[in-house]
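Student: Listed here are the chains, written in short residue letters.
2 protein chains.
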Amino acid sequence: MSKINVSVDCVIFGFDDIEKKLKVLSIEKKVDPFSKKNKKRTQFAIPGDLIELEEDIDAAASRVLFSLTKLNKLYLKQFKAFGHPRRVQQEKDKEWLENFRSNPDERVITIAYVSIVRMEDYNPEASYFAQDVKWTNIEEIPELAFDHNQIVNEAVDFLRKEINHEVTSELLPRKFTLSQLQELYEIILNEKLDKRNFRKQIMSKGVVEKTNEKQKGVSHKPAELYKFNQQ
Amino acid sequence: MSKINVSVDCVIFGFDDIEKKLKVLSIEKKVDPFSKKNKKRTQFAIPGDLIELEEDIDAAASRVLFSLTKLNKLYLKQFKAFGHPRRVQQEKDKEWLENFRSNPDERVITIAYVSIVRMEDYNPEASYFAQDVKWTNIEEIPELAFDHNQIVNEAVDFLRKEINHEVTSELLPRKFTLSQLQELYEIILNEKLDKRNFRKQIMSKGVVEKTNEKQKGVSHKPAELYKFNQQ
Chain U
1 MSKINVSVDC VIFGFDDIEK KLKVLSIEKK VDPFSKKNKK RTQFAIPGDL IELEEDIDAA
61 ASRVLFSLTK LNKLYLKQFK AFGHPRRVQQ EKDKEWLENF RSNPDERVIT IAYVSIVRME
121 DYNPEASYFA QDVKWTNIEE IPELAFDHNQ IVNEAVDFLR KEINHEVTSE LLPRKFTLSQ
181 LQELYEIILN EKLDKRNFRK QIMSKGVVEK TNEKQKGVSH KPAELYKFNQ Q
Chain F
1 MSKINVSVDC VIFGFDDIEK KLKVLSIEKK VDPFSKKNKK RTQFAIPGDL IELEEDIDAA
61 ASRVLFSLTK LNKLYLKQFK AFGHPRRVQQ EKDKEWLENF RSNPDERVIT IAYVSIVRME
121 DYNPEASYFA QDVKWTNIEE IPELAFDHNQ IVNEAVDFLR KEINHEVTSE LLPRKFTLSQ
181 LQELYEIILN EKLDKRNFRK QIMSKGVVEK TNEKQKGVSH KPAELYKFNQ Q
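Order-wise, the sequence lines are chains U and F.
Numbering of the first sequence is given in this note's numbering, commencing with residue 1 and proceeding in unit increments.
Numbering of the second sequence is given in this note's numbering, commencing with residue 1 and proceeding in unit increments.
Excised from the complex, chain U in its bound form (with noise of 0.2 Å):
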């Protein structure tokens, strides 16, 4: 007998682009709903559960998102399995776990995936055993569950890797100009690029075009507006 508990955990990433920020979800969960004394008692954690018996990876994914957040049809994006033995056999954890899980000594290995959105298209709602669910500020993040925090970086890594059109064409409008897209990247990756440079890298790897049209309304010399071209 060398069978193990399977979780699934989400890292979503909210762009924000009102404050020009890179956001995490995390939620609130209750760690012991019935007691007195600890009623105010919380702990931050990203959205995953176990995985049910006879259920794909994928779909845990999603459904769990949804059970704890009301997100749904994001794309998410699995980036690695985590499987530390003692993961889930913190001090810290341990009421939680005692308070929600059948069998709270237990090893859980997780598989997590990752997912980024424009905050202002999604309306998170806490849901099931979060109380509450927040955007944080990728540089903000509290103390979280398990072995979120290491979780949430890994996943930062990942996107600053993987950030490619694909990505940044969920994040801007249809319509764009290369000193948006350019702010977009800049965000993501916390880095200042040089903008003669950046715009060589793009325009060398064919994936955004001219739409022949400008800004408008705006106070400076309007800026030339660009598309991602469909391939």
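Mixed in with the good hints, there may be bad ones.
No distinction is drawn between identical chains; accordingly, a pair holds when it is met within one copy or between any pair of copies.
No more than 25 Å apart at the CA atoms, straight line, and that leaves these computed lysine-lysine pairs for DSS-like [claimed, not checked]:
1) Lys94 - Lys161
2) Lys70 - Lys175
3) Lys216 - Lys195
4) Lys161 - Lys200
5) Lys195 - Lys3
6) Lys92 - Lys20
7) Lys94 - Lys210
8) Lys77 - Lys21
9) Lys20 - Lys30
Read the hints as simulated data drawn from the structure, not as lab findings.
Being a predicted model, the structure only gives us computed values, none of them experimental.
For this one, chain U is given, so just place chain F on it according to the hints.
Tutor: Relative to the frame of chain U, chain F by itself:
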């Protein structure tokens, strides 16, 4: 109770510097070591096995690879978990499972790892439930156990997408010509590359540098030798 069997599977790519081919390592499994009538029946698979209850998943990958092939100290990179609920429930796999598993009908989620080595540097040997190991050209892979064909195909895609100087520096001699480097890319990517563009791209990345030495003992005009720089 929704605990699940978890395994690891290893896709080991071999770069064959003599045949100039990309190969993958498979094992031949005894299907039924005790049956007389089926004495010769075997099944191909990539090296994999269940992880132990208290074992880290990276450690399990190394242990399992060693137990079946005697390969040791490879850098194994986790690339994806495969978890279709019926992935081990095909007819072709039934006999082996019944002979080698105490719970042959149960679901198994597998976490797949990938590595690439110079074939000449390693000498795999069959062990444990493997009765043979062999390198096969990636275009000529036979039917494998479970969903191992899908795992190998996705590993090939992963390798092609991830190819970079870290991969290629493992596969070339310390000093090499740009033609050798280009040939290696062409073999892994399975496509011809334009010489001028290739050189421009490689040089613009700044990962290789001239050694100020040239090839020796060649009948054609000796080419300049390069090395990867230390970063």
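Student: Just pull the numbers of the violated hints for me, sorted ascending.
Tutor: As far as the earlier hints go, 1, 2, 5, 6, 7 and 9 are violated by this structure, in ascending order.
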